[in-house]
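**Q** If you read the protein sequences in the order shown, they are chains R and B. Using our numbering, read the first sequence as starting at 1 and increasing by one per residue. Using our numbering, read the second sequence as starting at 1 and increasing by one per residue.
Careful, some of the hints might be misleading.
[To be verified] Cβ-Cβ distance ranges computed for the label pairs, FRET-style:
1. B/Leu-435 x R/Phe-13: 35 to 43 Å
2. R/Gly-201 x B/Val-286: 45 to 53 Å
3. R/Arg-58 x B/Glu-165: 57 to 65 Å
4. R/Val-144 x B/Thr-213: 45 to 53 Å
5. B/Gly-458 x R/Val-10: 51 to 59 Å
6. R/Gln-233 x B/Arg-58: 42 to 50 Å
7. B/Ala-30 x R/Ser-153: 23 to 31 Å
8. R/Ala-8 x B/Leu-214: 28 to 36 Å
9. B/Pro-469 x R/Ser-125: 55 to 63 Å
10. B/Ala-30 x R/Ile-209: 54 to 62 Å
11. R/Val-70 x B/Glu-165: 41 to 49 Å
12. R/Val-18 x B/Asn-430: 46 to 54 Å
13. B/Thr-213 x R/Val-10: 21 to 29 Å
14. B/Thr-213 x R/Ala-8: 20 to 28 Å
Since the hints were derived computationally from the structure, they do not count as laboratory data. Even for Gly, the Cβ is constructed at its ideal location relative to N, Cα and C.
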Amino acid sequence: MRLFSVVAIVILFGFLFVGILHLHPVGEALGNSEVLQGRPEQGIDINGVSTMDDYFLRNGQIETKSNNIVASVVFDYRGFDTLGEATVLFIVVSSISMLFFTFLKSKSIVSAGVPPAGQFPKIESRVITFGSFIMYIMILSFGVYLVVHGHISPGGGFQGGSVMASATALLLISFLITRHMQRTRKIFSFFESLGLTIFIGLGFAGITISFLYNFLVHTSTGFGRMIAFGPNQGYLISAGILPLLSLAVGIEVFFGLSLIVVTLFHVSGVKDTNSLR
Amino acid sequence: MIKHVPILLVAIPLLAAFMIPMIGMVNRTARTVVGAIALVMILAASYYIAGDVLVHGRILYYMVGSSNPEIVTEHGLTFPIRIGLKIDSFSLFFIIMTTTLVFIFYLFSTQYIEENERKNYFTVLFISMVAGMMGLLVANDLFTFFVFLEILSISSAALVAFRTERKHPPYAGYKYMFISAVATSFFLLGIAFLYAQYGSFNIDYLKEAVRGTLLDKIAIVLLIIPLAMKSGVVPMHMWIPDTYSEAPAPISAMVKLGSLICLYGLFRISFSFGLSHAHVSYPLGVLFIVFGILSMFIGVTQALVQKDVKRLMAFHAVSQVGYMLLGMGVGLTVVRAGDASFALFGKVAMIGGLLHVVNNALYKGLLFLTSGVLVRHFKTRNLDAMHGLAHYDVFTTVVFMIAALAISGIPPFNGFVSKIIIYESVFQYNPVLTLIAIFVSILTLASFMKVFYSAFLGMPANKRPMEQPVLIKCSMLVLAVFIVVIGIYPQGILKVLIEPAVNALVNF
Chain R
1 MRLFSVVAIV
11 ILFGFLFVGI
21 LHLHPVGEAL
31 GNSEVLQGRP
41 EQGIDINGVS
51 TMDDYFLRNG
61 QIETKSNNIV
71 ASVVFDYRGF
81 DTLGEATVLF
91 IVVSSISMLF
101 FTFLKSKSIV
111 SAGVPPAGQF
121 PKIESRVITF
131 GSFIMYIMIL
141 SFGVYLVVHG
151 HISPGGGFQG
161 GSVMASATAL
171 LLISFLITRH
181 MQRTRKIFSF
191 FESLGLTIFI
201 GLGFAGITIS
211 FLYNFLVHTS
221 TGFGRMIAFG
231 PNQGYLISAG
241 ILPLLSLAVG
251 IEVFFGLSLI
261 VVTLFHVSGV
271 KDTNSLR
Chain B
1 MIKHVPILLV
11 AIPLLAAFMI
21 PMIGMVNRTA
31 RTVVGAIALV
41 MILAASYYIA
51 GDVLVHGRIL
61 YYMVGSSNPE
71 IVTEHGLTFP
81 IRIGLKIDSF
91 SLFFIIMTTT
101 LVFIFYLFST
111 QYIEENERKN
121 YFTVLFISMV
131 AGMMGLLVAN
141 DLFTFFVFLE
151 ILSISSAALV
161 AFRTERKHPP
171 YAGYKYMFIS
181 AVATSFFLLG
191 IAFLYAQYGS
201 FNIDYLKEAV
211 RGTLLDKIAI
221 VLLIIPLAMK
231 SGVVPMHMWI
241 PDTYSEAPAP
251 ISAMVKLGSL
261 ICLYGLFRIS
271 FSFGLSHAHV
281 SYPLGVLFIV
291 FGILSMFIGV
301 TQALVQKDVK
311 RLMAFHAVSQ
321 VGYMLLGMGV
331 GLTVVRAGDA
341 SFALFGKVAM
351 IGGLLHVVNN
361 ALYKGLLFLT
371 SGVLVRHFKT
381 RNLDAMHGLA
391 HYDVFTTVVF
401 MIAALAISGI
411 PPFNGFVSKI
421 IIYESVFQYN
431 PVLTLIAIFV
441 SILTLASFMK
451 VFYSAFLGMP
461 ANKRPMEQPV
471 LIKCSMLVLA
481 VFIVVIGIYP
491 QGILKVLIEP
501 AVNALVNF
């Protein structure tokens, strides 16, 4: 059996090694490569643009009116995949809630380090509680900045949402929300669903033309504001539904990851898991 | 409206899944009803496009987010820049099968799973599993295919572990999750190879671009092996017995359906990338045949010795996949070799293989549902501890007999039709393969006789069994009716669904 697995691993590494040796050189345009030679019409449009990434670099800023090409790819050209990825997170959160349900409902749980009501926690220090409260606000505002400016500068819903969720972890370790675990979980769950519903609702809003169609970008004011081609600082209100989608994903990721952190923190406080069976 | 159907098939279940946690906080009945409405809507949508796609041979394209979603390459480009969805007869065959069956399984699960707050999450994961299946079936883009494969895997793994109060289900779920994660990472690697080489994810575009170089072959292997693993083909079948036997009954049926959908991906990718080059398609076909024979034989011999009723059925699921692979593999080996042999038996073998897919989904689903009833009644999965259900529960006995005879290939039922088509066509390719297939079928009958004898016959148990709820009875009855109808009148489904599907696959 061990011999078999060694052979399998060797074959696999052979695959990868041969694959890498034959791979197209990084950075070279595909249009000039040997792959497409002899078939010049393949993959080249009338303007001489070759393949997908070239197209994004040349036309992304004009078409989506967003200065961040990554955001325009993630939320516009491949928005449906982003919906799928957000769904993956949603499913993970639902799975964790389902699988640890018996733990969460059990009355005998003592959350890690949280004393019974009326007593002070083990770590009750003004420095920790007040300091983490200050840090909470700072981390949260940084996360909001990342989410809101996702279409102008690097960042976006996933990144900003994760930054905000790390603030929740800070609240947990400073015992600010451990007493209200069930209520917190309900609120988080509600807003997580709400974020995703906003995302897919924006998708359905454009369904007269097509699903996830960037319907706001074709006006001349507001979210459809013109931006110049090339490097510039951009505008906050631009790029059609991109910032809204980014915001929806930000809400979903923030509350989803927070829910995971809160749930697992709660479960880690279960003293005797065998008693639940 | 018809042009939006491809995206609605995915978006409606997703919307329902996102809203269910909010609705479930208010009212539990409303949550169940919303799930059912979403499933009915995709059922209606899939039948709505059936006439256009199957009869007129129309192919529905949908570019998500494009200003004109039906045009694949906009702006005079020769390559698609957005995510493409596509429905042709082959995918529609699977879509109709899936939407019909998931609705039946959902009805079963509404009364089978006990009602409490935890069922909110169950419904969410069930509906997102459906969304994952529909996404796989409509995707014409490898990366979208990967994303929905992940959605399907994660939600199935969580549902397999649903009975967390017992010891084994969490392990089974963890095992399934781990193996799926490994499989899908290799799938992603294969996609990366193709993207680095050709700069696109679109399956239609890649099909034109792939030239059958060494790198292409490596990428195709990396795409095919994970899908074969997720459909439970023998060298990679180690997750099947645990997963199917520990999951609740409707979830076993759903995971089985999910593995058939992965089989769809296997056929789709191997036929689209393999067909254009004979030196790719022939080895692929031989690989399918070898996998098929191994699955049939090893699956059924393992099933014979089982004492656990659900484990036994799980091994039969492995063995039945072998028939489909055998039929499709024979078609794939001869499709490029010469037109004469393909017209003579290759196409018929493929028709048999595809008919076996829908037949297998029907009777395997019914078997898993009846196993749920058995387990709930006897409170055990051990066959030795079961006896005499036929004295009380005539309905379950009859539907179980229908399913067991269908899976063994006894004439008036649907399994016979697809098996005889496969036997006849494969016989002209190689008689030995047919002999093995017939032998496996006999062993299948033997092992189901064992189940029938131990669980249904014998002395009656002392306790009177509870009356089955109406939705559980209805869902099992509908499946049994489908089995009998296809068995008696197979020409209908062959002409309407299967033949257009095979034509679409070969001319892809």
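**Q** Give a verdict on every hint.
**A** Quick rundown of the hints versus the structure:
1. B/Leu-435 x R/Phe-13: 35 to 43 Å: Holds, at about 40 Å.
2. R/Gly-201 x B/Val-286: 45 to 53 Å: 50 Å, holds
3. R/Arg-58 x B/Glu-165: 57 to 65 Å: Given range 57 to 65 Å: holds, Cβ gap about 58 Å.
4. R/Val-144 x B/Thr-213: 45 to 53 Å: 49 Å, holds
5. B/Gly-458 x R/Val-10: 51 to 59 Å: 53 Å, holds
6. R/Gln-233 x B/Arg-58: 42 to 50 Å: Check passed, 48 Å falls within 42 to 50 Å.
7. B/Ala-30 x R/Ser-153: 23 to 31 Å: 42 Å, violated
8. R/Ala-8 x B/Leu-214: 28 to 36 Å: 20 Å, violated
9. B/Pro-469 x R/Ser-125: 55 to 63 Å: For R/Ser-125 against B/Pro-469, whose Cβ atoms are near 57 Å apart, the range 55 to 63 Å holds.
10. B/Ala-30 x R/Ile-209: 54 to 62 Å: Once the Cβ atoms are compared, 32 Å apart, the range 54 to 62 Å for R/Ile-209 and B/Ala-30 is violated.
11. R/Val-70 x B/Glu-165: 41 to 49 Å: 45 Å, holds
12. R/Val-18 x B/Asn-430: 46 to 54 Å: Given a distance of about 33 Å, which is not inside 46 to 54 Å, the answer is violated.
13. B/Thr-213 x R/Val-10: 21 to 29 Å: Roughly 22 Å apart at Cβ, these two residues keep to the hinted range, so it holds.
14. B/Thr-213 x R/Ala-8: 20 to 28 Å: 24 Å, holds
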